[in-house]
Amino acid sequence: MYRFEDFDYDVVVVGSGAGGGMAAYELTRQGQRVLMLEAGRDYDPYTETPMFQENHQAPLRGVRTPDKHFGFYDATVDGGWEVPGEPYTVAEGDEFLWWRARMLGGRTNHWGRYSLRFSHHDFKGYSRDGLGADWPMNYEDLAPWYDKTEKIVGVCGNNPGIDDVPDSSPGVLQPPPAARVPELLVQAAAAKLGIPVVPMRRAVLTRPIDNRQACFYATNCGRGCSIGAAFQTPTSLLPLAQATGRLKIVTDAMVKSVAVDDAHKVTGVTYVDRATGQAVEVAARAVVLAASACESARILLNSKSAAFPRGLANSSGQVGRNLMDSTGLGMSAHFPGLEGRPRYNEDGNTSNHMFIPWWGHDAQARGELNFARGYHFEFGGGFQAPGMSVGQIAQGYGLAMKRQLEQRYGSYIGFSLRGEMLPNERCYMEIDEQVKDKWGIPVAKFHWQWSQQELNQAEHGMDTIEQIVEKAGGRLLTERETPESMLKKGGEIIHEVGTTRMGNSAKTSVTNEFGQTWDSANLFIMDGGVFASNPHKNCTLTLMTLAMRNAEHMAKALDRGVI
Amino acid sequence: MSELSRRAALRWMTALSGGMAISAVAPGYADESGQYAPWPQMKLAPVQAAGYGTDPDLITPAPAPWPRLLTTAQRQTSAVLADIIVPREGQVPAASEVGVVELIDEWVSAPYPQQQGYRQSIIPGLAWLDDEAGLRFGTGFVQLSTDQQLAIVDDIATPGEASLSAAHAFFVNFRTLVVGGFYTSPAGSRDLGYLGNVPIAGDYPGPSPAAMAHLNELLAELKL
Numbered sequence: 001m002y003r004f005e006d007f008d009y010d011v012v013v014v015g016s017g018a019g020g021g022m023a024a025y026e027l028t029r030q031g032q033r034v035l036m037l038e039a040g041r042d043y044d045p046y047t048e049t050p051m052f053q054e055n056h057q058a059p060l061r062g063v064r065t066p067d068k069h070f071g072f073y074d075a076t077v078d079g080g081w082e083v084p085g086e087p088y089t090v091a092e093g094d095e096f097l098w099w100r101a102r103m104l105g106g107r108t109n110h111w112g113r114y115s116l117r118f119s120h121h122d123f124k125g126y127s128r129d130g131l132g133a134d135w136p137m138n139y140e141d142l143a144p145w146y147d148k149t150e151k152i153v154g155v156c157g158n159n160p161g162i163d164d165v166p167d168s169s170p171g172v173l174q175p176p177p178a179a180r181v182p183e184l185l186v187q188a189a190a191a192k193l194g195i196p197v198v199p200m201r202r203a204v205l206t207r208p209i210d211n212r213q214a215c216f217y218a219t220n221c222g223r224g225c226s227i228g229a230a231f232q233t234p235t236s237l238l239p240l241a242q243a244t245g246r247l248k249i250v251t252d253a254m255v256k257s258v259a260v261d262d263a264h265k266v267t268g269v270t271y272v273d274r275a276t277g278q279a280v281e282v283a284a285r286a287v288v289l290a291a292s293a294c295e296s297a298r299i300l301l302n303s304k305s306a307a308f309p310r311g312l313a314n315s316s317g318q319v320g321r322n323l324m325d326s327t328g329l330g331m332s333a334h335f336p337g338l339e340g341r342p343r344y345n346e347d348g349n350t351s352n353h354m355f356i357p358w359w360g361h362d363a364q365a366r367g368e369l370n371f372a373r374g375y376h377f378e379f380g381g382g383f384q385a386p387g388m389s390v391g392q393i394a395q396g397y398g399l400a401m402k403r404q405l406e407q408r409y410g411s412y413i414g415f416s417l418r419g420e421m422l423p424n425e426r427c428y429m430e431i432d433e434q435v436k437d438k439w440g441i442p443v444a445k446f447h448w449q450w451s452q453q454e455l456n457q458a459e460h461g462m463d464t465i466e467q468i469v470e471k472a473g474g475r476l477l478t479e480r481e482t483p484e485s486m487l488k489k490g491g492e493i494i495h496e497v498g499t500t501r502m503g504n505s506a507k508t509s510v511t512n513e514f515g516q517t518w519d520s521a522n523l524f525i526m527d528g529g530v531f532a533s534n535p536h537k538n539c540t541l542t543l544m545t546l547a548m549r550n551a552e553h554m555a556k557a558l559d560r561g562v563i
Numbered sequence: 564m565s566e567l568s569r570r571a572a573l574r575w576m577t578a579l580s581g582g583m584a585i586s587a588v589a590p591g592y593a594d595e596s597g598q599y600a601p602w603p604q605m606k607l608a609p610v611q612a613a614g615y616g617t618d619p620d621l622i623t624p625a626p627a628p629w630p631r632l633l634t635t636a637q638r639q640t641s642a643v644l645a646d647i648i649v650p651r652e653g654q655v656p657a658a659s660e661v662g663v664v665e666l667i668d669e670w671v672s673a674p675y676p677q678q679q680g681y682r683q684s685i686i687p688g689l690a691w692l693d694d695e696a697g698l699r700f701g702t703g704f705v706q707l708s709t710d711q712q713l714a715i716v717d718d719i720a721t722p723g724e725a726s727l728s729a730a731h732a733f734f735v736n737f738r739t740l741v742v743g744g745f746y747t748s749p750a751g752s753r754d755l756g757y758l759g760n761v762p763i764a765g766d767y768p769g770p771s772p773a774a775m776a777h778l779n780e781l782l783a784e785l786k787l
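Order-wise, the sequence lines are chains A and B. Numbered per our numbering, the first sequence spans residues 1 to 563. Numbered per our numbering, the second sequence spans residues 564 to 787.
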């Protein structure tokens, strides 16, 4: 058993991303002492973020490569769809992609920062349509925690008075940035169809908080943010937690298993020190897993013992099951009316200022739609920094070609559907006993098939895009194909959740409403794994909200000596 | 929009969502008419060099680490063709003046699959230009007069005869790199009218009055 000479702690938190960062923030705030284990390397956004660097300064003008899957400047370190030396497998005939990062802050360093609250519709889907599972709490239970989370994270947006976008309390949200021309065009066209277009909520500061500055409207958030405007844990929750003196972070610590005693109490974790390759055991009074939905499930399934031969916290058999991603598809259109328009700086916060929330709850309630759950559209285009792709719309050559490219610049808009999928029997992960990663840890194996629900939803989404584009005087460029071929692959939207779902019963769920595992009272899960369903609204804000609420619950239980 | 531009735009959207689409034709095609130079049959060994890795320095990016593979002659031909595609225009530089030839060399020498796909089109394409120049005018492409060069370029710049399909695909791929390389350069980016990547103090101001006036006209026209 390894002991840190300089640091005593109560809780081990595995992972430093959205869930782990919030867990450490709240636990230390509540007086607990926390040892955080992060699989990746130390990472400092203040000194490592390429702010203002341009494509011409990067190899291959910054395009995506097998080394950097989202382009040269993307923040992700040693990761992407593949992590060197750490494979995963996919069942024959299935397709699934698993995005990982190996860095302090995990995937919060490059995420889209979309921060939409779930609504009362989202927590009680099963009660409404008999599909999937309800959440073991109501919207009202989480609403005050959403306020607290939005405040500390820093979310810009407004309260549009739409039931799919629940109000934040007064003074919580920061002002949203002004809409840009392509967004205003889509807003006007969608209005004719009765479809709302409202400010997107993003975890990007428009007012400074703590020692984080407000956005200065340059540099894509996917690179990370050296001024702290775009939320990521290494510039926000982690330094706040460290300032208490009660957090110690160990990087390059790849956790492989959690130990449990005869009384089913968790006693510590084992990690591989990536620098030495040696296994290190550390003790803990309590453990928080926040390694990401699939990584935490992998740790549990790899933590086999006499008491739990099917893996820790898996008495229900639900660990790894109910794997969900968001549905996703993209279609693009050209708008002749936007050609040759006056130039201005259209970078904005480098992402969507507006979006289309789900407007079909009533139609679903009336039984008018052939799918049960909603979706939203993210859309954007305009005068973005030119990339190599601009060469692909060229025709001919010479000055005539240049005039046409100038005319067309800023006249394209891309629409992305992000929808709720339902859990199904054919979407799950398990351990592939045949394959180990370079640390000797058995790897995850994925199974994935869409159900008719998602296919019907995709069809409806494509119909809607076509209608909006037509109203706005545009012409669709994407050849419409079947929903099967239009839908992005499982995992590709990087919203994987559900693998350790919460519920009201130890028979059908892995944790209770506080992320506390039914099997071991001092083991908590605080990543997206606990989601009982996967509403269309991007999982990060809600998993942080749950982590804050659950960490407070956990701290109090530790104080009372209950766990 | 013409069918051609529709396809061109689709390639662009493909690029936005994933990577760079490559125009390709069935390998091994040989001209049977004898009117044009046959497509060179070249066996190009795969590039084995290492990439820049999964954790490169993003603040001061190092030059791409792989060796450059273009010969001096290939670079000269590339420069001439690049400047036909993006010529100098007053104070606005031509493609070869903003590092496009260096980019093409970096691109076709890269170890990544997509870039190697371009290599399979561009290296034979540069050879074909010389073959065609020799067949028509008895000398290399670089040595031709501008009118002679344009006569060849005009034949491959748009889809035409089947016997030129590989040469046309080469031209499209080459143009993609030239145009992308030019507009990602500081001079090209300015020329296109990109005004971003500058810090703004205070709130984002949104559209300019002129941009709003243009939009309002459009909305009226569309009865929105």
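One or more hints might be untrue.
[Said to hold, decoys possible] In silico negatives: residues of chain A with every beta carbon more than 12 Å from chain B: (1) 248; (2) 277; (3) 410.
[Claimed, not checked] Now the stretches of chain A that chain B is said to cover, found in silico as 3 or more residues with beta-carbon under 8 Å: (4) 50-59; (5) 184-192; (6) 216-225; (7) 395-403.
Bear in mind the hints are in silico, worked out from the structure with no lab data behind them. Model, not experiment: these values are computed from the prediction. By construction, the Cβ of each residue, glycine as well, lies at the ideal position given by its N, Cα and C atoms.
The hints, checked one at a time:
no., hint, verdict
1, 248, "holds (24 Å)"
2, 277, "holds (19 Å)"
3, 410, "violated (8 Å)"
4, 50-59, "holds (count 9)"
5, 184-192, "holds (count 6)"
6, 216-225, "holds (count 5)"
7, 395-403, "holds (count 7)"
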